[in-house]
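Given these sequences and hints, build the entire structure.
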Amino acid sequence: MATQTLQSVPAELTPEQLEEAARHEAEGQAYFDRVMAEDSRIEPRDWMPAAYRKTLIRQISQHAHSEIIGMQPEANWISRAPSLKRKAILMAKVQDEAGHGLYLYSAAETLGQPRDQMMQDLMDGKAKYSSIFNYPARTWADMGAIGWMVDGAAIANQVPLCRASFGPYGRAMVRVCKEESFHQRQGFEILLELSHGTPEQKQMAQEAVNRWYAPALMMFGPPDDDSPNSKQSMAWNIKRFSNDELRNRFVGMMMEQVKVLDLTLPDKDIRFNEETKKWEHGPLDWDEFHEVLKGRGPCNAQRLERRREAHENGTWVREAAAAYARKQAEKESAA
Amino acid sequence: MSPETPAGNVWPIWEVFVRSSRGLSHVHAGSLHAPDAAMALRNARDLYTRRNEGVSIWVVPADAIASSDPDAKGAFFESPQGKDYRHATYYTKSEGVKHL
Amino acid sequence: MSTSPATTEETGGHGDISVGVTTAGTSGDATASATRITPGNALRPEDIALAVSRGTAKPTEDVAEFALRLGDDALILAQRLGHWISRAPELEEDIALGNIALDQLGHARSFLSYAGGLNGKSEDDLAYFRSEDEFRSVELFEQPNGDFAVTIARQFVVSYYQFELYSRLTHSTDATLAGIAAKAVKEVDYHRDHSAQWVLRLALGTDESRRKMIHGFKVIWPYVDELFADDELTARLAAAGAAVEPSSLRADFDRLTGEVLAEAELEVPQVPAALGGGRRGKHSEHLGYMLAEMQVLARQHPGASW
Chain E
1 MATQTLQSVP
11 AELTPEQLEE
21 AARHEAEGQA
31 YFDRVMAEDS
41 RIEPRDWMPA
51 AYRKTLIRQI
61 SQHAHSEIIG
71 MQPEANWISR
81 APSLKRKAIL
91 MAKVQDEAGH
101 GLYLYSAAET
111 LGQPRDQMMQ
121 DLMDGKAKYS
131 SIFNYPARTW
141 ADMGAIGWMV
151 DGAAIANQVP
161 LCRASFGPYG
171 RAMVRVCKEE
181 SFHQRQGFEI
191 LLELSHGTPE
201 QKQMAQEAVN
211 RWYAPALMMF
221 GPPDDDSPNS
231 KQSMAWNIKR
241 FSNDELRNRF
251 VGMMMEQVKV
261 LDLTLPDKDI
271 RFNEETKKWE
281 HGPLDWDEFH
291 EVLKGRGPCN
301 AQRLERRREA
311 HENGTWVREA
321 AAAYARKQAE
331 KESAA
Chain L
1 MSPETPAGNV
11 WPIWEVFVRS
21 SRGLSHVHAG
31 SLHAPDAAMA
41 LRNARDLYTR
51 RNEGVSIWVV
61 PADAIASSDP
71 DAKGAFFESP
81 QGKDYRHATY
91 YTKSEGVKHL
Chain G
1 MSTSPATTEE
11 TGGHGDISVG
21 VTTAGTSGDA
31 TASATRITPG
41 NALRPEDIAL
51 AVSRGTAKPT
61 EDVAEFALRL
71 GDDALILAQR
81 LGHWISRAPE
91 LEEDIALGNI
101 ALDQLGHARS
111 FLSYAGGLNG
121 KSEDDLAYFR
131 SEDEFRSVEL
141 FEQPNGDFAV
151 TIARQFVVSY
161 YQFELYSRLT
171 HSTDATLAGI
181 AAKAVKEVDY
191 HRDHSAQWVL
201 RLALGTDESR
211 RKMIHGFKVI
221 WPYVDELFAD
231 DELTARLAAA
241 GAAVEPSSLR
251 ADFDRLTGEV
261 LAEAELEVPQ
271 VPAALGGGRR
281 GKHSEHLGYM
291 LAEMQVLARQ
301 HPGASW
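Protein chains in written order, with the numbering used here: chain E, 1 to 335; chain L, 1 to 100; chain G, 1 to 306.
It is possible that some hints are incorrect.
Capping the alpha-carbon separation at 20 Å, the derived lysine-lysine pairs in PhoX-like fashion look like this [what the hints assert, rightly or not]:
no., chain 1, residue 1, chain 2, residue 2
1, E, K128, E, K202
2, E, K54, E, K327
3, G, K121, E, K85
4, E, K294, E, K126
5, E, K85, G, K183
6, E, K128, E, K268
Simulated from the structure, these hints should not be mistaken for lab results.
Right, dumping it as structure tokens:
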């Protein structure tokens with residue numbers, strides 16, 4: 001269920017109570033360890049280590065924020081979509097992203113973190129979201145590149161998350177993955193149409209692929225030797241594959257698909273390593289990644305301002321609906 | 001029925017149950033926020049049945065759900081374990097007899 | 001059915017990343033059924049376009065002009081509503097307004113595809129390559145979103161009007177118009193409910209929301225009369241049984257909107273009606289900007305395919 005009280009230890013405890021609390025912790029830990037060993041699932045009201053809870057709240061809320069902020073670069077093109085069919089598809093996709101944010105916030109709420117608090121953290125700049133959404137969507141072809149590469153990378157990340165050890169997160173991801181099945185395809189088809197169109201259209205497509213390639217690869221997170229939290233997340237069965245594993249696999253998939261598009265990836269160092277049986281790619285600019293993460297990307301300020309604006313403009317509406325509900329409830333109880 | 005009166009501009013949480021087609025049970029689909037039951041139903045329709053997932057929806061205030069204590073798993077769910085005689089597979093001698 | 005194969009398959013070519021949700025404690029049959037998705041079965045804009053291109057559906061000149069009017073109304077409204085997605089008062093409302101925008105866009109595409117059947121034009125030819133004075137939408141639809149109350153006021157008027165219109169068009173002697181209306185009327189019925197729910201909440205919620213709702217109706221109401229204006233085209237279509245005179249919708253519109261307004265303790269605003277002229281291509285100042293934005297990319301690449 002969506003809410004539950006956080007476990008907390010009262011300040012003053014008798015020795016007996018302390019002993020009881022310690023026993024409860026030990027039993028909880030043993031149960032949790034068994035669940036992890038069996039690769040089973042933890043549900044909201046189960047005992048869980050405080051760090052596990054904290055990690056999940058952080059990861060799931062960041063994931064939710066990414067969906068909500070991620071609506072903006074694409075919403076930017078709804079009004080200018082070049083055909084009515086594309087307009088409908090884009091509207092449905094951006095709307096889906098609001099839905100995905102909602103599913104994820106709900107999953108985080110089962111851990112005791114209210115949605116309005118998460119939203120506040122986002123607007124205060126305290127919470128992170130996927131830094132790729134701080135890049136601008138400059139041309140229509142970006143709708144293709146975002147769908148194909150950004151959603152492609154997201155899906156590669158999300159499919160293993162359907163098996164995350166925390167039940168509500170896994171279930172949210174199952175729903176998200178099902179719905180996103182069209183997101184990547186529509187992006188691919190936008191690029192396909194452009195690359196087989198006029199020379200200007202093809203150039204637009206290639207430039208978009210060039211712009212989004214590196215940020216898309218960086219969506220998998222820092223390299224394994226620079227990713228301090230990854231090991232613990234894998235031990236907790238939240239993460240199933242390392243950042244580099246997922247990234248390399250994704251590069252391999254894109255190499256195949258880019259041929260169908262008759263476009264190229266802006267990386268001369270991509271190759272399949274016969275010894276390791278893994279795809280390799282050229283160096284990525286991690287300094288830029290960290291700069292954007294710290295808020296110095298081209299659109300950080302714009303994205304947060306837009307979210308704040310929507311939230312603040314909606315305050316009186318949310319208040320009105322809440323007030324109406326109160327009045328109706330009073331009427332009902334008086335009747 | 002309605003949940004705890006919403007204060008300020010924060011709407012309470014509702015749990016959503018969707019019947020995917022006639023003849024099947026309502027199944028928990030997820031949750032959402034809404035100011036009251038009427039809007040919770042509509043929000044559930046908009047959020048959880050965008051792709052023909054359902055023909056009927058229930059919404060329940062999250063607060064209204066009582067749930068079994070996860071710490072009492074043993075006591076609560078031990079009893080049916082081992083009672084094989086509640087299952088048809090326990091009765092092997094009648095195997096092969098028609099229409100039984 | 002287990003969720004795992006469906007998930008891997010449906011994520012479009014990532015089947016090599018195994019999901020394998022098989023252990024206890026994960027979603028079983030029950031959840032799978034709550035997330036089962038299907039495209040459904042309804043008359044789509046593509047079906048109309050196909051029927052038109054095959055010659056199995058062809059509008060008369062009058063019907064084409066009428067379809068153009070309704071298509072433009074719905075298109076301009078969808079363009080306005082689309083702006084709300086990512087800007088709504090709450091995430092749940094982003095989704096609600098998104099659904100309404102998508103419904104309207106669907107109706108627009110169907111009507112325009114049919115209208116284009118008269119002289120071999122596609123929905124996109126009509127949407128992207130006509131100028132302002134060639135659009136046939138009435139001025140209500142191009143009114144700016146304003147705040148949420150203005151949008152709800154516009155939505156309330158539009159959906160009660162469209163419901164009455166489409167209900168009657170389901171009996172049109174023109175089978176395609178009747179078909180489009182049969183699909184649209186059910187969707188617009190929900191739009192009525194959505195807007196009525198919000199009119200009640202905004203009007204009876206807080207002092208501030210009540211003030212804004214009253215203001216919203218005041219801003220929108222001057223454009224109500226134009227919806228119900230008859231002209232020579234509607235007279236001919238009504239005589240032929242293909243459509244109805246817009247004025248014939250007014251009594252039901254007034255009665256049903258009046259019931260909601262009374263419950264919301266609101267009065268019909270006493271404001272002078274705008275002259276209008278959208279059906280003859282005479283628009284307010286807003287439409288030009290909307291079209292400039294909507295058409296800019298398509299016009300940069302005439303003849304291109306997207």
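Results of checking the hints against the structure:
Our distance criterion of 20 Å between C-alpha atoms is broken by K128 of chain E and K202 of chain E, whose separation comes to about 35 Å. At roughly 38 Å between alpha-carbon atoms, K54 of chain E and K327 of chain E are farther apart than 20 Å, so this suggested pair is violated. As the CA atoms of K121 of chain G and K85 of chain E are separated by approximately 15 Å, the hinted pair is consistent with the 20 Å bound. For the given pair, K294 of chain E sits about 11 Å from K126 of chain E by alpha-carbon distance, which is consistent with the 20 Å threshold.
Of the supplied pair hints, the one linking K85 of chain E and K183 of chain G holds, its CA atoms being roughly 18 Å apart against a limit of 20 Å. Between K128 of chain E and K268 of chain E the alpha-carbon distance is near 32 Å, which puts this suggested pair outside the 20 Å criterion.
The structure fails to meet hints 1, 2, 6 from the earlier list, while all remaining hints are met.
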